[in-house]
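K.L.:
Residue numbers (my numbering), protein chains in the order written: chain A, 1 to 212; chain B, 213 to 460.
Calculated directly from the structure, the hints in this document are not laboratory data. Treat each hint with caution, since some may be false.
Below 20 Å or equal to it, Euclidean Cα-Cα: the simulated SDA-like pairs (lysine to any residue) are [as the list claims (entries may be wrong)]: (1) A:Lys97 x B:Asp323; (2) A:Lys70 x A:Pro51; (3) A:Lys70 x A:Val114; (4) B:Lys450 x A:His52; (5) A:Lys63 x A:Leu135; (6) A:Lys70 x B:Asp323; (7) B:Lys450 x A:His158; (8) A:Lys97 x B:Lys450; (9) B:Lys450 x B:Glu295; (10) B:Lys450 x A:Arg194; (11) B:Lys450 x A:Gly128; (12) B:Lys450 x A:Asn57.
Restraint ranges, calculated between C-beta atoms of paired labels, are given here [to be verified]: (13) B:Leu246 x A:Ser30: 33 to 41 Å; (14) B:Arg420 x A:Asp187: 57 to 65 Å; (15) A:Asp26 x B:Met379: 33 to 41 Å; (16) A:Gly152 x B:Arg404: 25 to 33 Å; (17) A:Asp26 x B:Ala237: 30 to 38 Å; (18) B:Arg404 x A:Asp187: 42 to 50 Å; (19) A:Arg16 x B:Arg233: 14 to 22 Å; (20) A:Ala136 x B:Met379: 17 to 25 Å; (21) A:Thr59 x B:Gly354: 45 to 53 Å.
To give a feel for the contact side, a few chain A residues facing chain B, derived at Cβ under 7 Å [claimed, not checked]: (22) Gly17; (23) Trp74; (24) Gly148; (25) Tyr149; (26) Gly151.
Please read all numbers here as calculations on a predicted model, not as lab measurements. Virtual Cβ for every residue (Gly too), placed ideally from N, Cα, C.
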Amino acid sequence: MLEPTGEDEAMSPISRGFHGRHRDPDVDPSRVPPGQYVTTDFPVLSAGPTPHTPLENWTFSIKQGGQTAKSWSWQQIRDLPSEEVAADIHCVTKWTKLDTRWQAVSLDTLLAQVEREAQYVLAFCDGGYTTNLPLADVTGGRAWLAYGYDGGPLQPEHGGPARLLVPHLYFWKSAKWVRGLELLVHDEPGFWERYGYNNYGDPWREQRYAGD
Amino acid sequence: MAGTAVRGRLTWQVATVASVRPETASVSTIEFDLQDWAGHQAGQHVDVRLTADDGYVAERSYSIASAPGERLQLTVERLENGEVSPYLTEELRAGDQIEIRGPIGGYFVWDGDDASTPLLLVAGGSGVVPFRSMLRHRARIGSNVPVRLLYSARRLPDVIYRTELDMAGDGAEVIYTLTREQPPGWAGHSGRVDAALLTEVAWAPDRRPLAFVCGPTAFVEIVAGELVSLGYPPDRIKTERYGGVGAP
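With these hints in hand, go ahead and build the complete structure from the sequences.
P.N.:
Now the structure itself:
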């Protein structure tokens, strides 16, 4: 639950006649963050049309100080060691999906190839979407560049050809159609973060919106 | 650039139901009294929280149906096997209290500030809800921005706000297409929104239109993709997907 802050101390009123579905006995409640419900669908949330960049034009770049420090072609990314990642994902729009399976390259693998002084990253994407994360949250085996989902290629509406996978944060941080990371010394809000969503987005602390 | 200034914490507040009005067989509009509502922009949504007597809590998000300056209204479609929407549409009545926080979202919004570009609104099913807020806002501020709403519904009785939309005028056109069944003598369009219908209805791209598309994921994918094909720049197409969240 949220930590009590003055405003939240008031008891929530009982919603007359609401009983809810309660918990699915097959779902371990310790895997469902506050305010979330478990879905077996894979809903989609995007602010605009789905981009379709041909793979021959696709690159993934790490930028620093306005320069491209390192860039990979699609084939070069596919040639890097990848791993199968199993993760529970949590969308700020309230759904949680358990046991998703991804094929992905660890961001540790990519970032290891760059000298860096940054504390933050700003992921940038086809379609102009951006999202910001602390560097510490995309290193240490907690973040990936994912191009496979559930045994097949990642479909465009879910962010294919490749998206970030940062499952310990709300899923808008797992940027779809990602094309690279900009390493930053100072934090810079991304797309949804400028529209009132939380800068960090920890689902277990229900950090949905600014100030949560 | 944020349309919504970050105003600190969005807190939960108790909302008292003023009225519940059926719109169609499965859709109702609920009007609320709120003690402290800072106002909203057309197109934004709110979070709703329900608490059972044993402390069980469920949260969902719903688009705002009313215009800025009006009492807060939500229009909710009852989902088969839903947990929250059947409660809101069937159980809730005037005087009941639930919790709301918001408004949320600053991208899928229309302020009416830019009077120079026509507006294209494309709705699938209950995706029409934020557009009702935009159309009301446009009327309230006396905007003369030309607007076309293309609204895809299964059957005529599924059309939400039909009386209100049919009275739209003054530079606002509403174009219906019915996908499953058309009444005898139906003069509107039939079938799903496709390239041909968008070519007919959508503003020419050289007028720099702003497009909003709201509906189920598959609908939004197709419409937004076709608008790009017609020459709409992707950054002039704002989408909101009701991502198949029917099941829970």
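K.L.:
Would you mind marking each hint as holding or not holding in the structure?
P.N.:
Results for each hint:
| no. | hint | in the structure |
| --- | --- | --- |
| 1 | A:Lys97 x B:Asp323 | violated (35 Å) |
| 2 | A:Lys70 x A:Pro51 | violated (23 Å) |
| 3 | A:Lys70 x A:Val114 | holds (7 Å) |
| 4 | B:Lys450 x A:His52 | holds (17 Å) |
| 5 | A:Lys63 x A:Leu135 | holds (13 Å) |
| 6 | A:Lys70 x B:Asp323 | violated (41 Å) |
| 7 | B:Lys450 x A:His158 | holds (17 Å) |
| 8 | A:Lys97 x B:Lys450 | violated (26 Å) |
| 9 | B:Lys450 x B:Glu295 | violated (29 Å) |
| 10 | B:Lys450 x A:Arg194 | holds (16 Å) |
| 11 | B:Lys450 x A:Gly128 | holds (13 Å) |
| 12 | B:Lys450 x A:Asn57 | violated (25 Å) |
| 13 | B:Leu246 x A:Ser30: 33 to 41 Å | holds (34 Å) |
| 14 | B:Arg420 x A:Asp187: 57 to 65 Å | violated (34 Å) |
| 15 | A:Asp26 x B:Met379: 33 to 41 Å | violated (50 Å) |
| 16 | A:Gly152 x B:Arg404: 25 to 33 Å | holds (26 Å) |
| 17 | A:Asp26 x B:Ala237: 30 to 38 Å | holds (33 Å) |
| 18 | B:Arg404 x A:Asp187: 42 to 50 Å | holds (44 Å) |
| 19 | A:Arg16 x B:Arg233: 14 to 22 Å | holds (19 Å) |
| 20 | A:Ala136 x B:Met379: 17 to 25 Å | violated (56 Å) |
| 21 | A:Thr59 x B:Gly354: 45 to 53 Å | holds (49 Å) |
| 22 | Gly17 | holds (5 Å) |
| 23 | Trp74 | violated (21 Å) |
| 24 | Gly148 | violated (21 Å) |
| 25 | Tyr149 | violated (15 Å) |
| 26 | Gly151 | violated (20 Å) |
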